[in-house]
Structures are given as structure tokens and as C-alpha cells.
Amino acid sequence: MDSVKDLSQEQVEEFRVFEKEGLMDKYVKIHGCYDQVMTAIGFNDPLECAKGIQLLGLDPATAIVDVGCGTGFVGEHLNKMGFTNIVGIDASAEMLEEAKAKNVYSELIERFLCQPEGLPEELKNRFDAVTGSGVLFSGHFGPELFDDMLDLLKSGGYAVFTTREDLLTSTGYQKKMDKLSEEGKWEFVSKSEFVKYHNCEEIKLAGYTPMTGKCFVYKK
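For the sequence shown, counting from 1, position 150 maps to 150 in the UniProt record's numbering; every step adds exactly one.
Hints may be right or wrong, so weigh each one.
What follows is a list of derived Cβ distance ranges for each label pair [what the hints assert, rightly or not]:
#  : residue 1 : residue 2 : range
1  : N103      : Q54       : 13 to 23 Å
2  : Q36       : S155      : 35 to 45 Å
3  : N125      : L56       : 11 to 21 Å
4  : F188      : G142      : 27 to 37 Å
5  : G118      : T39       : 31 to 41 Å
6  : E107      : D59       : 30 to 40 Å
7  : G142      : M211      : 14 to 24 Å
8  : T84       : N125      : 15 to 25 Å
9  : G156      : H198      : 31 to 41 Å
10 : K124      : Q174      : 38 to 48 Å
11 : L56       : E183      : 21 to 31 Å
12 : Q54       : E107      : 20 to 30 Å
13 : S181      : Q36       : 32 to 42 Å
14 : A93       : F188      : 29 to 39 Å
No wet-lab data here; the hints were simulated from the structure.
No residue lacks a Cβ here, since even glycine has one placed at the ideal position from N, Cα and C.
Hey, can you work out the whole structure from these sequences and the hints?
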């Protein structure tokens, strides 16, 4: 599936709207074609996250956790870059099965994040880097995800994540990022810009059009 033109409207319709209610049921439906659809429309967030990690010059054995890992896009890119110690966390058993088949994660954990009880002790302060690709998005996680990211990280660890430019203000992401900086919980390292859904430039399917994405790096 090389082009968005190869997709049927029915195939991508399930990808048009993601809402928290019924989100797990949606992933049961789409896990088998997720990679094909997202690749075809030009979902670049996973590669940008992996590049953000690579540019930090970390050791290949660095402990990395991929939150909301889904089918393992980020893990695939990191593996190709030589990273060997990648843990994936996702709430969807079906998506994790797809990720497991790629054999790029050292461990996969089925778990909901941003829960009132917080993270289990064995996950806290465990990782040198955390990535979040496509999770700071409608129907997925709000700004509270940043708190879990910080809990996962060791002191001096890095958070690398993407979101859409248009969501930074409307969702409160930027406000939370700035607040954590002001409180000294993390410090800004870098920000880069990229085009996501670039393959939809000539044809619009299910509401997908090219738009600006941002990749952020913060240090705990």
C-alpha cells in the first residue's frame, strides 16, 4: 500500500475520529490495518520521535520506554537506529500483539496510563528516555500524561514526544509543559517542526490533510 489513493474510504473512516469512550473497541477493529493506513497517509510522528532520541547521542543500551506504543512504529525506527533496550506500554492487547510480532521490544506491558493510583513502583525512575508518538491527541491523553512521563524517567532522563501544532493551546499541553518547566520538574531542550499526513496533499480522505507537527525534547 504505497499511496493514499490505494485506500478505500471505508478503510480509513475508522481513523477519522478517536474518542476516549469506545477507544479500546476501535483499536480491536483497526489493529490489523493500522500500519498500512498510517503509513499510506504519511503519519511521521514515530520517525520524528525516534530521530529525537537518536540526536541525543545516547548509548544503544539506553533504557527507553515507548508510551502508547501501539503496533510498534517507534520501536521499529529505534531498532533500526541500533537501540536494543526498548519497553512498550499500551492499553490495547490487540495493538500489543502487532508490536510483539515485530520483535523490536525487550518488554511489552499492557497498561492504562494516567490512572488515579499512578504508576507501579517498579516502573518509576526506571528509564533514561521516554517517547510519546501520536498519544497527545484527541481521545487519547491530556496534559496529565507529562506527569507519568516524568515518573517513568530517571533524573537526567529525556522526554521526546510529538503533537499537532493546533492542539498545543486548545488542549492545555503547552500550558502544562511551561508549568513543569517553571516548577523545575523538567527543562526544555529542543523543538522541531515537521509535516504530518503529507501524502494527503493531493487527495483528502476521512478528514486527513497535511498539517504541522511539533517534536519536543525535555530533560528531567
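- Outcome for the supplied range 14 to 24 Å, where the beta carbon pair is G142 and M211: holds (20 Å)
Query raised in the report: Between L56 and E183, does the C-beta distance stay in 21 to 31 Å?
Result: Holds, since L56 and E183 (Cβ atoms, about 23 Å apart) stay within the stated range.
Cβ distance range 31 to 41 Å for G156 and H198, holds or violated: Holds: the Cβ-Cβ distance is about 35 Å, inside 31 to 41 Å.
Holds or violated: 30 to 40 Å for the Cβ distance of E107 and D59? Violated: the Cβ-Cβ distance is about 18 Å, outside 30 to 40 Å.
Check: Between Q36 and S155, does the C-beta distance stay in 35 to 45 Å?
Finding: holds (40 Å)
Looking only at beta-carbon atoms, does the pair A93, F188 fall within the given range of 29 to 39 Å? Cβ of A93 to Cβ of F188: about 36 Å, so the range 29 to 39 Å holds.
Hint says 27 to 37 Å; check whether the CB-CB distance for F188 and G142 agrees. Violated: the Cβ-Cβ distance is about 20 Å, outside 27 to 37 Å.
(message) A range of 11 to 21 Å was offered for this pair. Does it hold for the Cβ distance of N125 and L56?
(response) holds (19 Å)
- Task: Mind checking the hinted window 15 to 25 Å against the Cβ distance between T84 and N125?
- Result: The hint (15 to 25 Å, Cβ to Cβ) holds, given that T84 and N125 are roughly 21 Å apart.
Notebook entry, point to check: Within 13 to 23 Å or not, the Cβ separation of N103 and Q54?
Noted result: Since the Cβ atoms of N103 and Q54 sit about 20 Å apart, the hinted range of 13 to 23 Å holds.
Is the distance from the Cβ of Q54 to the Cβ of E107 consistent with 20 to 30 Å? holds (21 Å)
| said: Please check whether G118 and T39 have a Cβ separation lying inside 31 to 41 Å. | reply: Cβ of G118 to Cβ of T39: about 35 Å, so the range 31 to 41 Å holds.
Hints 4, 6 and 10 from the earlier list are contradicted by this structure; the remaining hints agree with it.
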